[in-house]
Every structure is written in C-alpha cells, then in structure tokens.
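Could you fit the two chains together into a complex? Lean on the hints.
What follows is the residue order along each chain.
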Amino acid sequence: MQPPLVDITGLTVDFDTGARIVRVLHGVDLAVGAGEAVGLVGESGCGKSVTWLAALGLLGSRARIGGQVSLRGRNLVGAPTSALESVRGRHIAMIFQDPSSSLNPVHRVGRQLAEALRLHRDMDADAAMVEARRLLDRVGIADAPRRLDAYPHELSGGMNQRVMIAMALAGQPEMLVADEPTTALDATIQAQILELLQEIRRDTQMALVLISHDLGVVAENTDRVCVMYAGRVIEDAPIATIFGAPAHPYTQGLLAALPDLEGPRRRLTTIQGVVPEAWNLPPGCSFAPRCDRADAACAAAVPPSLALAADHRAACIKAVPQPAPAAGRA
Amino acid sequence: MTTPLLQAAELTRHYSVRSGAWPFGRTATLRAVDGVSFTLPAGRTLGLVGESGCGKSTTAKLVLGLVPPTRGEVRVMGETLPPAGTARWRALRRSIQMVFQDPLGALDRRVPVGDQITEPLIIHRIGTPAQRRDKAVATMAAVGLKLDHFDRYPHELSGGQRQRIVLARALVLEPKLIVCDEPISALDVSIQAQVVNLLVDLQAQLGIAYLFISHDLRMIRQVSHEVAVMYLGRIVEQGEPDSLLAQPAHPYTQALISAIPTASTRTRRGRIILKGDPPNPIDLPSGCAFHTRCAFAVARCRTETPALRVMADGRRVACHLADTNSPRAVA
Chain V
1 MQPPLVDITG
11 LTVDFDTGAR
21 IVRVLHGVDL
31 AVGAGEAVGL
41 VGESGCGKSV
51 TWLAALGLLG
61 SRARIGGQVS
71 LRGRNLVGAP
81 TSALESVRGR
91 HIAMIFQDPS
101 SSLNPVHRVG
111 RQLAEALRLH
121 RDMDADAAMV
131 EARRLLDRVG
141 IADAPRRLDA
151 YPHELSGGMN
161 QRVMIAMALA
171 GQPEMLVADE
181 PTTALDATIQ
191 AQILELLQEI
201 RRDTQMALVL
211 ISHDLGVVAE
221 NTDRVCVMYA
231 GRVIEDAPIA
241 TIFGAPAHPY
251 TQGLLAALPD
261 LEGPRRRLTT
271 IQGVVPEAWN
281 LPPGCSFAPR
291 CDRADAACAA
301 AVPPSLALAA
311 DHRAACIKAV
321 PQPAPAAGRA
Chain X
1 MTTPLLQAAE
11 LTRHYSVRSG
21 AWPFGRTATL
31 RAVDGVSFTL
41 PAGRTLGLVG
51 ESGCGKSTTA
61 KLVLGLVPPT
71 RGEVRVMGET
81 LPPAGTARWR
91 ALRRSIQMVF
101 QDPLGALDRR
111 VPVGDQITEP
121 LIIHRIGTPA
131 QRRDKAVATM
141 AAVGLKLDHF
151 DRYPHELSGG
161 QRQRIVLARA
171 LVLEPKLIVC
181 DEPISALDVS
191 IQAQVVNLLV
201 DLQAQLGIAY
211 LFISHDLRMI
221 RQVSHEVAVM
231 YLGRIVEQGE
241 PDSLLAQPAH
251 PYTQALISAI
261 PTASTRTRRG
271 RIILKGDPPN
281 PIDLPSGCAF
291 HTRCAFAVAR
301 CRTETPALRV
311 MADGRRVACH
321 LADTNSPRAV
331 A
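Chains V and X, in that order, are what the protein sequence lines are.
Okay, so the first sequence: first residue is 1 according to the working numbering, each after it adds one.
Okay, so the second sequence: first residue is 1 according to the working numbering, each after it adds one.
No wet-lab data here; the hints were simulated from the structure.
These figures come from a predicted structure and were not determined experimentally.
Glycine is no exception: its CB is placed at the ideal position from the N, C-alpha and C atoms.
Please note that a few of the clues may not be correct.
A short list of chain V residues far from chain X (calculated; beta carbon distances all over 12 Å) [stated by the list, open to error]:
hint, residue
1, F15
2, R20
3, D29
4, R72
5, L84
6, R90
7, P105
8, H107
9, R108
10, L119
11, R201
12, D203
13, D295
14, V302
15, A307
Simulated restraints, written as ranges between beta carbons of each label pair [as the list claims (entries may be wrong)]:
hint, chain 1, residue 1, chain 2, residue 2, range
16, X, E79, V, V106, 48 to 54 Å
17, V, V106, X, T80, 45 to 51 Å
18, X, A130, V, V302, 46 to 52 Å
19, V, V106, X, G270, 41 to 47 Å
Bound conformation, chain X alone (with noise of 0.2 Å):
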C-alpha cells in the first residue's frame, strides 16, 4: 500500500482558558479539536463540513503546522509534520499551502500582485528572478488572470480575482496539498461557482489534493470525494459524500442536511428542527457531546462517548444508536 498523502492521528489541540474576570475565575480546557484522525491520499479531495467552532478551522491550523497538536500527530508522506519553525517543516511546508476565506486580508495591500506570487520563489529560494518571473506569469495564466494584472494592487481587483491571486500564490510552489478554509465564502454566488470550476480544473490537471473547508454542504459536494462531519472537535460522520447526503446516519448530520435551504418547488423534505444552541465548547456535556440537542438519545448516550464506528456501507459514524437507528433518507 503507498503512502497516503496526508495522515492526521488521534489529533488534538486543547486550548486553556479562563473562565469569568481575573483573579476569580477557573482554568477550563477547551477541547478545540478532540481526537480527529482522517486520511487523504494525494489528487483526492476531503471536505470538512460542521458549524462555528465546531473545530475546522483548528484542524486546518493544526495540518499546516500553524498550533502544535495537544496529543496525536499529522503525517505528510510518512513523514510527521515537524514542529513550526524548523528547516525541515519550512521544507515540508512546500508542499502544503493555504487558501483562506478573506482574501484581501491574505494580501499585503501595498506589495503588487505579481511580487506577492513571486515572493514564496523567493522564500524557497528556487530559481532566477527571471526564471521566477516567468512561473509567476504562468500561474497567474493558470488561474485566470491576466499578465496585465502583474503590476497591479490587490484593491484595484475584484473579490474574485484577489481569490485568484491567493491561489496563484499557493500554487507557484507546485505544492501537492492545499488546505483550503471557506475558500469561496466570501464571495458573490456567480464568482463562487468560477473559483469552484477553476479548483476542480487544477485538481484535474495538477493532480493536487485539497483538504477543503466549508459550512456549504453544497458546495461540499460539489468538489470532495470523501466528506467529514465535525460537531464539537470531533468527526461524527465520515463517508462516501452521496450516500452520507442521501442517507445521513448521525442525527447531527441529518438535521445539518434538513437545514439546507432548497429551491425545490416539488415537495420539501422534512425538516429537523434542533433545540437550543450547541453547547458551551468549555463546558462539554457528559457522553455525547450531541445528546443535549439529539431527539433519539438515551440514557448510555449522556454517559458514554461514542467511538467512530465502520458501518456495513464504509461510512465511519460516531453514535450509538447508528445501527438501530437505520440511515434516515432526508432528500
């Protein structure tokens, strides 16, 4: 079996925290990310779905190196991720780059386009200026901007184009992952659909993975082979992305989904309705972190935490009652 790409073990990241005005207050922990392990071979795409701090961004941060791991490690080519800072990482770290939601806050307002996707050649130290010229002006062609973009500043451009720009960034290195953090969030839904077209297109020909953050089930969809739900630091549903969307087997998953706002004019599924908000991430209920707003827990659900379990379809969910309460078709 080769090596897959990107490995995340038991990954962890705890953050304390103090609770109510200094001196009075308690240290609490808070359990950003919990336990996650996932794997993504290169060329291939896992989204990450799941609510505000649910922990997505965290594993993004964790991935590239940004936080170390509280426990568990992430290995990329076999190798584990080195702690920040260090050559070896600095190395590494040119395989994996990054794409974030707000692009104008990705770039320096007062460095031209063309430096900007120039500067990680610098960093890396790879090439001549002039070679390094000539693979900026490529990737910037790649992605769909043009030459006369080069000596331009990121607010004469649109939304779209500065998008553009970051991804240009990320991928002069040739880098063989990207994590992408609600890439398209921030944008108007046409531009939306051509960043998603122009991230399938370069997967297609670059044979780039993506590890790519989203809150749209949609979009989602539309761009992963593999798809993980997060609630609360923690995966509770893994799979295959058409049969977890037609077939959810989490309740967390299936009231996620039911939420989904449809054109549809034929009949509307039904919708779950859940109770109240998620809980207070530092002060996690007992057992299942989900059983305070779940209409199907039961007594062993407030008690014991759930372990993701393999189920007969290869779908990885973390519930009790996954076997019982057989997948609910909510489309």
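Here chain V stands alone, though its shape is the one from the complex (with noise of 0.2 Å):
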C-alpha cells in the first residue's frame, strides 16, 4: 500500500488564553492518501478546522502544536515558515466558508490571482494574467477576460468562490482542503460549486479534504468521513459504512437527528445535552455524558480508537455498527 499523502498522528493543540491554557485537539490522528476525497464532519467547536489550521501553521503564536504532520515523509510540525510558505498554496491550498472575506476588496481579483501564480509558480507578469484568464475560464466564470477586472465586491458570492477556487488551483496543489466552502451560499449555487470541486478532481486527481457540518454534502462528495466530536476523531470509515452501519453512537445519533425528506414523518431523535466547553471535558469519553449507552467504563478512561473491520475505526468500547434510521438514507 501507497503511504498517505499526508498523515497526522497525535495532533494536539493548546490555546493560551492567558488565564489558562486550553487543549482543543487532544491526538488527532488522521491520514489522507494521494487524490483521495475525505470528509470531516462535526458540529460547531469539534476542532475540524483548527486541525487543518495547525496542519498548516496557520494558527499564530498562541497556539501550542504538538504530534506530527507528515507530507510525503516531511513532518510539518515546529517547521520553520519558509519551508511551511512553500507547501502552503503549492502543496496544501485551503478555501473557506466566507468567500469575500478571504478576498482582498480594494484589489482586482485577476491582481490577486496573478500574485498567487507569481508567487507558485515563478510567473512575469503577462503570463500570470493569461493564466490567471484561464484559470476564471476553468472554475465557469463567463466572460473571464471581463472578471478579471472586476473587484469581489462586483461578484456574488458563488462567484467569488469560484475566484478562490481558481487561486487554490493556481499553486497546482497535490490536496485542497475547502473548509465549509459552501456554507454561506444558497442551494442551488452549493451544487454549482460542489459540481466544479468533482470536476476538478477528475481532471486533476487532486486529493480533497472537505469540512462541513452537512452530512449529506459530505457522502456525495467524498470517499471516507472521519468524525470529530470534541476535539477527537470518534470514527472514521467510508462513506457507505457511516451512512449504513455507523457504530459509534455519536454518529448515529448525529445521523437520526436529521429528518427524512421522504416516507412517513417520525419524531427526530435527539442527542440529549450540548457539546462540552473544551475547558470542561468530562473524564473519560467526552460523548459519554450525552450516551445512552454509556456506564462507568465510559467514565474511567478515554477510549481507543478500536479497529472494527480494516477501513472502520471508532473511538468507543461499546461500538456496535447499526444499521443507520431511515434519516441518513433519504
């Protein structure tokens, strides 16, 4: 088997928040081969991002890294800025949730995609802004000669994450990692963007991390998910076991809270409680306040990740793959 493309194995981060020093990632372990699609899913705070922020060196000064993050072999962690400067965009490109705020408004956005391909890619000027032409041609902007002209305050928002599409793409990079790229647009124009993400990815056979909250644009679109709940991943499998059998019971339950959008209405089944405060985490499984099935051996320590089969890892001693309610399937 091919080594991963990249893989994490005890990521952990600390925040300084000056009174105290807070742990939101505690081991994150999680690999990502080459031209692979994986989804990551969670609700708000279960560190999704925060693990592909520190993966990156993104974080700034106050977060404290530790484990290991391995490209090809080269571990990341504690790696001086030049060298991260050089996987950033080139190896690992990373667009977000709010398209027009990762643009700069005062700059032409084919002047913003000409200095990430100067940049990747060691371009003059004139060749930057043919290419930069082509690039808005290849993420479906119309009239690209036109848009490269115009300011992200000029495009909507479907567009304007297109532009970042097509600056991730600039960098050629060998994994995107889109975190929530389509949260803040509308339906139809989510499925716009989706689509180009897939088309990309067969032409380039670029690997995707996705981060999104939404189960149901995760499974169309990757391979594997791995699941986080607190700062953990909780259970990692592909796409037809978690929506099949998931057994841990976070994901069931996360997968029976969503209605069906078919067959007879039933009462959604609800996790009881919230997600614990990352300073306040219960001993033991952080799940098991909030578990049905939890009993004292929950209480006692954290739970390994168990292999249940040889692509299904989950975090829980009482893991049993059950089959998913109807929620998942329709």
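Shown next, in the form of structure tokens:
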C-alpha cells in the first residue's frame, strides 16, 4: 500500500488564553491518500477546522501544537516558516467558508490571482495574467477577460467562491482543504460549486479534504468520512459504512437527528445535552454524558480508537455497527 | 366557513433604491415581495422556502406589521392588520409573536433571562408581578428550561438554550401565531432536532400556528402542513409538502429539491444544476423571473409573467408549462 499523502498522528493543539491553557485537539489521527476525498464532519467547536489550520501552521503564536503532520514523510509541525510557505498553496491549498472575506476587497480579482501565480509558479506579469484568465475560465466564470478587472464586491458569493477555487488551483496543489466551502451559499449555488470541485478532481487527481457540518454534502462528495467530537476523531470509515452502519453512538445520533425527505414523518431523535466546553471536558469518553449506552467504564478512560474492520475505526468501547435510521438514507 | 387565522392578500413590498453613486445613480424599484397571497388556518404550519433575497424575511416582517405593505394587506382573524405603533396593532400583536435566527441578537445581554421572559407581560399589562413570575416560570418549564436559568444571563447559556428563551418569551403571551424566521439555522444538527421537536410538541399542546421560514427543505417538510416556494418575491409553487417534494411541478422547485445533498447510498437522484446566479432583484427579467435560468423556457416565458394556477391535485404553480411539463419525479 502506498504511504498516505498527508499523515497526521497525535496532533494536539493548546490555546493559551492568557488565564489558562485550553487543549482543543486531543491527539487527532488522520491520513489522506493521494487523490483521495475525505470528509471531516462534526458540530461547531469540534476541531475540524483547527486540525487543518494547525497542520499548515496558520494558528498564530498563541497556539501550541504537538504531534506530527507529515507530508510525504516531511514533518510540518514546528517546521520553519519558509518551509511552510513552500507547502501552503503549492502542495496543500485551503479555501474557506466566506469567500468575500478571503479576497482582498481593494484589489481586482485578476491581480489577486496573478499574485498567487507569481508566488507559486514564478510567472512574469504577462504570463500570470494569461494563466489567470485560463483559471477563471476553468472554474466556470463566464466572460473571464472582463471579470479579471472586477473587484470582489462586484461578484456574487458563488462567483467569489469560484475565484477562491481558481486561486487555490494556481499553485497546482496535490490537496485542497475546503473548509465549509458552500455553507454561506444558497442551495442551487452550492450544487454548482460542489459539481465544480468534483470536475476539478476528475481532471487533476487532486486530493480533497471537505470540512462540513452537512452530512449530505460530505456523503455526495467524498469517499471516506472522519467524524470529530470535542477535539478527537471518534469514527473513521468509508461513506457507505458511515451512512449504512455507523458504530459510534454520536455518529448514530447525528444521522438520527436529520429529518427525512420522504416516507412517513417520524419524531426526530435528539442527542440529549450539549457539547462540553473545551476547558471542562468530562473524564474518559467526552461523549459519555450524552450517550445512552454509557456506563462507569466509559467515564474511566478515554476510549482508544478500535478497528472494527480493515477500513473502519471507532473510538468507543461499546461500538456496535447499527443500521442508520431512515434519516441518513432519505 | 370559519375565518382563517392569517391571510395575506396580494402582499407587496417595494423599496426604492439608488443604483450607482450619488448623485449620478438613478432610482430603481426593488420588488422584495410582489403579490404574495396565502392563508394559514389556526394550529397549522405554513413553510416558506427559498434562497436568500427571495423575499421570505420581508414577508415575515409584513405579517408582523414591522414594515408596511406597498400594496395588499395582511388580515389576522379577519381583521386587517392596522399600521404599526397604533393601539390596535399592539393589541393584535399579542397574538402574533416571532422567533428569529440569531438568539443572542434577539436577547438583551445585560438583562437576566427571567426578566426578559416576563417583559412582554409587563408591556401588555397582564397580571400582578407575582402572577407574571409564575407565568414566566411555567413557560420556561414548557420549553425545557430549568428554574435556575431564571436569574442567569444569555451568555451563560448555550445556543439551543438561548433559542428556548426566545421561544419562551414569544409563548408567554399565549400567541395564536408565531412567525419563525430561520429559527434553527444557527444551531448545530443535534440541537436543531431538539428545537424542532419542541416546536412540534408546542403546536400539538397549545394549537399554535407557525409561519415557518427556512432554506432547509428537510426541516420544512418535518414541520409544515403546507409549503410555499418563493423565487424573487413571488410564490412559484405551493402545496402539500409530500407531493410537492416528490413531484415538484415548477422547474425552480425541481432544481431546489434536486440540489439537496443526501446521505443516500442508493442510486443518486439526477441533479439539476442551474446556470448562473439569480438575477439582480432591482433589474428583474421580463416575463417569468426564472426564465433566465430555466431549461424549459419558451418565448412566452420571456414576455408574460405566469400567474399562480391551481393544478388538478390542488397544488398552485406559477409556470406556463406546468400542464405540458408534467411533474417530474426527482425523489
């Protein structure tokens, strides 16, 4: 088997808030193979974005990062800024939820694209403009020559996200981390952007990490899902397994909480309680206080990630694969 | 026939906006809501779905009387909603309450939770202080808040609990209608389910009607007895949720439903990818506003605005081709 493109092992992040040090990632293990599409799901604050911001050294000086992030065998944790700069955009590109705040509002989009091309591909100004036009065409922006002269506020949210994708493609990365790329967009525009990402992956064999709170978006666009809860990966399995026979009670709960689109209406199954605060995690399994199956053993120790099948891991001592409720399948 | 709780008749709200920089721009009309009519009986839920800018929230504000209609009217229990600020409007507003998307924005951060829930009773001069407190405590219990939340501040509570406070504040006046504008969009999936179940339970116990506005068709189906799909200020399709979702008749509804991502491991549905963005609302295309993105558009769609027509199954559809272009199964 080929070694993964990116291998994250035991990644921890502590934030120094001044008053105390809060651990937000508790040893995340995650591997992404070349060309693979992996989904990362979880509720707000579970650490899905922080994982990749930490991996790329984008968290700033208040964060202390431990563990290993290896890109083709090269460790990125603690690497000097110059080394990280050669990775960001060139090997791993990242796009975010709100495209208009990722773009510089006072520069034309063509100039911003050309800047990325000069930086990553050493192009001169003329070549960069030609390539920028090609990239805008590539991401489906009609009338690319004219749009190069547009400012971000002159474009719609969907178009700005296309510009961000074009900019991510500028460095010809091996992997794109898309952090809630369509959350701020309308349903019909979301469908356009996801279709574009699929098409680009087919053409370039680029790996994709899709961070989303929307299980449907992840199901349709990735091969494998990692479910995160309170700073840990609690289940990792292929799409069909996660949605067909999830094993972790949290994953089962998330699927049961989604309403169906067809069939008889059923009362939504809720997960009792709320996500614990990062500085006040319960002992042992952090999901135990909300879990129907929890007993004393769950609170005694943090459950290790157990292999249920060759490609299915769950961090639960009571993990039982169960058919998902209708919700996940409707 | 009994008078319905809420009626909107040809409800229209236009805004004058200036396009271009002062003093050169010209004044244009933004048709936020353009001739919307619906009826909501007591104890039922009407779901209003559509994308940003389609006029769902403006419709909510019109129903509450927060903005005056340019044309048309809102009738509550048969009575035309009087202008905001009048004594009669205040009296009627006791029966029409609201819940918006962002609970922290709807609550006063410096006032304890219990006081905020009691305040509507003070405004409407209901009961003695002791009775108000009892009523507030009972309402908090009804929405699943504990007594010890009474003296806490909004920032001390979670997002789901804050939305319960907003709901309790709406419920304390025993309204007949609650306008819910994206009430769960800011909440996490597991918390959304809690709040939706609560809304459904309260309707069963208290017979409240909801005007439930959301962009999430799954949630709309879960709570609604009827669904209206809006596009650029107009209702393009309206009907019973199951048949509308299973066999949408309007091409826009078809695209909207096909765009819902599903976790299905079975065969995926054919996705309709619409071309382009919705048109600029101050410069709407002639005829059917959807024709610029519609795969079925014919010459007539460019010139003639389709009216809502009643189909054989009782559904209302605003499309010239709704008869010929038979409902398409996308489920």
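Verification of the supplied hints:
1. Under the 12 Å C-beta cut-off, the non-interface status given to F15 (chain V) relative to chain X holds; the minimum distance is some 19 Å.
2. No Cβ of chain X approaches the Cβ of R20 (chain V) within 12 Å, the least distance being about 18 Å, so the stated non-interface status holds.
3. Even its closest Cβ contact with chain X, about 24 Å, leaves D29 (chain V) beyond 12 Å, as expected for a residue assigned away from the interface.
4. Listed as a non-interface residue, R72 (chain V) keeps its Cβ farther than 12 Å from every Cβ of chain X; the least gap is roughly 32 Å.
5. For L84 (chain V), the shortest C-beta to C-beta distance to chain X comes to about 32 Å, beyond the 12 Å cut-off, and the non-interface label holds.
6. Every Cβ of chain X is farther than 12 Å from the Cβ of R90 (chain V); the closest lies at roughly 31 Å, confirming the non-interface assignment.
7. Listed as outside the interface, P105 (chain V) is consistent with that label: its C-beta sits roughly 17 Å from the nearest C-beta of chain X, beyond the 12 Å cut-off.
8. With a least CB separation of 20 Å from chain X, H107 (chain V) remains clear of the 12 Å interface cut-off, as annotated.
9. With a least CB separation of 18 Å from chain X, R108 (chain V) remains clear of the 12 Å interface cut-off, as annotated.
10. The Cβ of L119 (chain V) sits about 30 Å from the closest Cβ of chain X, beyond the 12 Å cut-off, so the non-interface label holds.
11. Interface exclusion of R201 (chain V) from chain X stands, the closest Cβ pair being 16 Å apart, more than 12 Å.
12. Taking the minimum C-beta to C-beta distance to chain X, about 17 Å, the non-interface status of D203 (chain V) holds against the 12 Å cut.
13. With a least beta-carbon separation of about 21 Å from chain X, D295 (chain V) lies farther than 12 Å from that chain, consistent with its non-interface assignment.
14. Chain X leaves V302 (chain V) outside its interface by the beta-carbon criterion, the shortest separation being 21 Å against a cut-off of 12 Å.
15. The Cβ of A307 (chain V) lies farther than 12 Å from every Cβ of chain X, with a closest approach of about 22 Å, so its non-interface assignment holds.
16. Between E79 (chain X) and V106 (chain V) the Cβ separation comes to about 53 Å, which falls inside the hinted range of 48 to 54 Å.
17. The supplied range of 45 to 51 Å is met by V106 (chain V) and T80 (chain X), whose beta-carbon atoms lie about 49 Å from each other.
18. A130 (chain X) and V302 (chain V) have their C-beta atoms about 50 Å apart, which keeps the hinted 46 to 52 Å range intact.
19. Separated by about 43 Å at the C-beta atoms, V106 (chain V) and G270 (chain X) satisfy the suggested range of 41 to 47 Å.
Comparing the model with each numbered hint stated earlier shows that all of them hold.
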